[in-house]
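**Student:** Respectively, the protein sequence lines represent chains R and X.
Counting with the working numbering, you get residues 1 to 316 for the letters of the first sequence.
Counting with the working numbering, you get residues 1 to 218 for the letters of the second sequence.
Just to be clear, a hint being listed does not mean it is correct.
Stated by the list, open to error - With the Cβ distance kept under 7 Å, some of the chain X side facing chain R (calculated, not the full set): (1) R28; (2) P168; (3) L177.
Simulated from the structure, these hints should not be mistaken for laboratory data.
Beta carbons are placed, not taken as given, at the ideal position from N, Cα and C, and that holds for glycine.
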Amino acid sequence: MTAASSDLVTLVLGIFGVLIVASVVGYILERRLTTNGPNAAVENLNARIRAWWAMVILIGLAFIAGRVGVLVLFAFCSFAALREFITLIYTRRADHWALASAFFLVLPIQYYLLWAEEYGIFSIFIPVYAFLLMPIISVLRGDTERFLLRVAEVQWALMICVFCVSHVPALLTLDIPGYEGRNVLLIAFLVIVVQLSDVLQYVWGKLFGRTRIAPKLSPSKTVEGFVGGVASATLIGAALWWITPFTPLQAGLMSFIITLMGFLGGLVMSAIKRDRGVKDWGQLIEGHGGLIDRLDSVVFSAPIFFHIVRYWWSLS
Amino acid sequence: MKIRMKALVAKVAAAAFVLFARAITAVRAIWPEEGLPAKPCVYFANHSSHGDFVLIWAVLPPRLRHRTRPVAGAEYWLKSHTNAFIGRDVFNAVLIEREREKRTQDPIALMVSAIDAGSSLILFPEGTRNQTEERLLPFKSGIFHLVDQRPEVDLVPVWINNLNRVMPKGEIVPIPLICTVTFGSALRVAPGEDKEAFLERMRAALLALAPKPAGSGE
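So that you can see chain R by itself, here it is in the shape it has in the complex:
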C-alpha cells in the first residue's frame, strides 16, 4: 500500500468513526426526545446524518475510482447545482439555446479541459468565453425584455455551479514536489474542513447560540455558532496537516481562510434564496435541502484554496 492510500484509509476510518458516533447520538436523542410524539429537530438531525453516510460513501467511491471518478462526481455536482440554480432564475423562451448550451456545452467543456489539464483555458473559459457567448446566443432571438438581468443571472449560475465547483477537482492537476500521487487528499482536506465547519457551526449554534449574526439573511446562524465552528474547524484542520503538503501552522491558517470563505459564501447564497423567496435550493439531499445548500461553502472556498496552493506550493 502506498503512503497516499494508507493515509486515505486512515482518513476514511476516522470519518466512519465520527459518523458512527453521530448515528449513535442521533439514535439516543430519538429514543429520549420522541416519547411524546415525533420531534422535528431530531428527525432532521437523523436525516442529515443518514445523508452524510451516503455522501461520504459516494465521495469515497469516487476517490477509489481515481481521477476520472472524481471528475465525474464533481461534473454531476455541477449539473445538479446548475439545475437547481436555473430553476430559480428568471428566464424567457429566447434564452432556450443559451440555457441548453450552459448545460450541454459549457459544463462538459469545462470538465474536459480539466481532464486534459489545460489550465490556461480552463481558468478563463467561463469568465471570458461563456461570458461573451451566452448573451450572443440569447440576443439572436431579439427579445430585450429584462435582457441584462437574464444574461447576468445565467452567467452567475455558471460561475457558481460550474466554474467554482470545478476548482475542487482542479486540485488534482497541481504538481507539488514531495506530494506526488497524493493530491486527492487535498480535496479530502478542503471538503472535510469546510463541511466540518458547517456542521460544527450548527452544533455550537444549537448548544450555545444566543446572538443572531445575520438575522435578515439566515435566522439560524449565530455569533456563538460562527466563532465556535470556525475555531474548532480550524483546530481540526491544523490537526489534519499530515494529509497535506502544509506544516501544522500552515494547515491551520488554510483552514481558517477556507472556513471563513465558506461562512461568507453561505451568507451570499442565503441572500439569493431570500431574494427568490425559497427556504432551500431543492430537495436532492434529505434533511439538508438541495445540493447547493450543502455545497455553498465549498463553492466559495474552493477557488481561493486552489489559488493559494497553486501559487505557493505548486510547480505547475
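Given the coordinates of chain R, assemble chain X onto it according to the supplied hints.
**Tutor:** Below, chain X without anything else, positioned relative to chain R:
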C-alpha cells in the same frame, strides 16, 4: 412471438421515458395527507407540454402507474408509426378524436369503459396545451359529462410545475430544470351540481395547487 417482442420493447421504452424524465427534471411528487385513492380515479392536470403525462406517470407508485392511462388526442398520437407505438403500446393511452366531425366513437363512452375496466385516467381538461401567459385555460366540458355518467369516481387535481420551461413548444432540446407534481385531495361531483359551477370548482381546486411561479423575479 412478435407481439411479445413488441410488448417487451414497449416496457423498456416506458422505463426509458421515466428514467429520462427523472434525469432531466429530478421530478418530485407532493402527495395529499390522506394519500391517493385506491380505487380507479381521474387525475386531472394542467397541460403545457407533451411530457405532462410522462411526468405524472413517472411519480405514480408502480402499482397505480400500471393501471393508469392518459387520455390523449388521436390525431396526434396516430400521426405516425412511432407516435402510435408510444401512445398505444408504451403508455396505453385512451385515444379520443377531438374534432367532432371525425368521430367514430364517443370519447366519453371510451373513458367510461376504461374506468369500468379498472383503469385510472389522466385527463387534461383544458383540451389543448396552454401556450398563453394565463396559468390555466377554461375547462372543456368532457370531464363533466364523464362524472355525469360515473358520479362516484374520485377526481384528483394534479398541478405540474415548470415542465413548460423545460421544453417549450417548438424546442427540441430539453433544459434540465426541477419540476414538481402536486396532487390535491380527491373531489367528487355534488348531487345536482350544474356544469358551469362544477367546471369552475374543479378549475379553482387545480389552481389552488399551483405554487408561486419560481424564478419569476416578481
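**Student:** All hints, please: hold or fail.
**Tutor:** Hint check results:
1. R28: Holds, because the Cβ-Cβ distance from X:R28 to chain R comes to roughly 6 Å (cut-off 7 Å).
2. P168: With a minimum Cβ separation of about 5 Å from chain R (threshold 7 Å), the hint on X:P168 holds.
3. L177: X:L177 check passes; min Cβ-Cβ to chain R is 5 Å, inside 7 Å.
Hint violations for this structure: none, all hints satisfied.
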